[in-house]
Amino acid sequence: MENLKGSLWMMLSMLGFAVEDMFVKLAAAAVPPGQILMLFGAGGMLGFWLMAASKGEKVLISEAISRTLLVRALFEITGRLFFILALAFTTLSSTSAILQATPLAVTLGAAVLFKERVGLARWVAIFIGFAGVLLVIQPTPASFELTSLLALIGMLGFAGRDLATRAAPPALSNAQLGVYGFAVLVPTGAGYAAFSSGFVWPDGFSWFAIASATLIGIGAYYSLTLAMRTGEVSVVTPFRYARLLFALVFGLLVFNESPNATMLAGSAIIVASGCFILLHGRHTARRQRKQAALIE
Numbered sequence: 001m002e003n004l005k006g007s008l009w010m011m012l013s014m015l016g017f018a019v020e021d022m023f024v025k026l027a028a029a030a031v032p033p034g035q036i037l038m039l040f041g042a043g044g045m046l047g048f049w050l051m052a053a054s055k056g057e058k059v060l061i062s063e064a065i066s067r068t069l070l071v072r073a074l075f076e077i078t079g080r081l082f083f084i085l086a087l088a089f090t091t092l093s094s095t096s097a098i099l100q101a102t103p104l105a106v107t108l109g110a111a112v113l114f115k116e117r118v119g120l121a122r123w124v125a126i127f128i129g130f131a132g133v134l135l136v137i138q139p140t141p142a143s144f145e146l147t148s149l150l151a152l153i154g155m156l157g158f159a160g161r162d163l164a165t166r167a168a169p170p171a172l173s174n175a176q177l178g179v180y181g182f183a184v185l186v187p188t189g190a191g192y193a194a195f196s197s198g199f200v201w202p203d204g205f206s207w208f209a210i211a212s213a214t215l216i217g218i219g220a221y222y223s224l225t226l227a228m229r230t231g232e233v234s235v236v237t238p239f240r241y242a243r244l245l246f247a248l249v250f251g252l253l254v255f256n257e258s259p260n261a262t263m264l265a266g267s268a269i270i271v272a273s274g275c276f277i278l279l280h281g282r283h284t285a286r287r288q289r290k291q292a293a294l295i296e
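Here the sequence shown is numbered in full-length UniProt numbering, starting from 1 and rising by one per residue.
Now the in silico label distances, taken between C-beta atoms and shown as ranges:
| id | residue 1 | residue 2 | range |
| --- | --- | --- | --- |
| 1 | Leu215 | Leu264 | 29 to 35 Å |
| 2 | Glu257 | Leu4 | 29 to 35 Å |
| 3 | Asp203 | Ala111 | 44 to 50 Å |
| 4 | Arg67 | Phe130 | 26 to 32 Å |
| 5 | Trp207 | Leu264 | 32 to 38 Å |
| 6 | Lys115 | Glu57 | 28 to 34 Å |
| 7 | Met1 | Ile153 | 39 to 45 Å |
Think of the hints as simulated: they come from the structure by calculation, not from any bench.
None of these values were measured; they are calculated from a predicted model.
No residue lacks a Cβ here, since even glycine has one placed at the ideal position from N, Cα and C.
Turn these sequences into a full structure, and let the hints steer you where they fit.
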């Protein structure tokens with residue numbers, strides 16, 4: 001029952017993130033990406049600040065000043081900025097497909113930075129997954145668009161943020177990390193807007209889209225937290241890939257996107273590789289526990 005609850009929370013979370021992406025892309029039709037990032041960051045910071053306050057958690061604490069959180073902030077900025085740029089200038093479906101490679105990049109980074117053991121099978125799955133990314137980007141002279149690299153850089157930024165989060169001081173809660181992560185987006189977005197396309201006063205629908213993206217994004221993050229704390233992580237986590245399915249549906253219905261067969265094949269390879277890594281890791285952990293029990 002706990003696994004079922006966790007899986008449903010994960011599905012709800014991924015639906016929320018897909019709706020958030022849809023609203024950001026809709027807002028980007030009239031509002032510069034930098035300004036969206038600034039407003040999104042301000043709303044997210046306020047939301048997580050209220051969440052922390054409701055739990056009696058202080059936001060300004062000494063543990064927030066560390067090299068790890070500085071690195072996390074830089075990756076957060078990279079991930080968010082380039083992901084919003086990708087949503088603004090490329091299709092929702094391709095951007096979401098590339099984002100699904102984040103677990104592959106995190107696994108690769110954990111092996112390199114944290115010396116986590118990654119067997120041959122998972123190394124093969126990682127490289128096959130990145131081959132799927134190439135199929136989505138389609139780096140051939142006839143079909144390649146430079147803007148496709150925006151989503152790739154954003155994905156790498158999110159992977160770096162996740163790795164830095166893992167190394168963050170244990171004293172910091174998810175809400176506190178949320179405040180810091182969104183706070184750095186405000187000056188970043190303002191600076192990018194000032195030196196690129198400038199600022200505009202959003203119309204009514206743009207305000208609605210940005211506010212909806214912010215509120216739904218906070219709710220999706222909260223649902224994700226519940227999902228990861230309910231049931232087995234190895235059972236719940238594969239449902240992250242539902243985000244791609246929702247993105248494909250929204251891309252078709254809202255933006256009239258029609259992904260070609262190559263992109264769909266690449267998406268399937270990315271998802272399959274990620275699921276294999278998760279399930280293989282679960283199997284390996286179970287086998288190690290049995291061996292430890294026999295030794296005892």
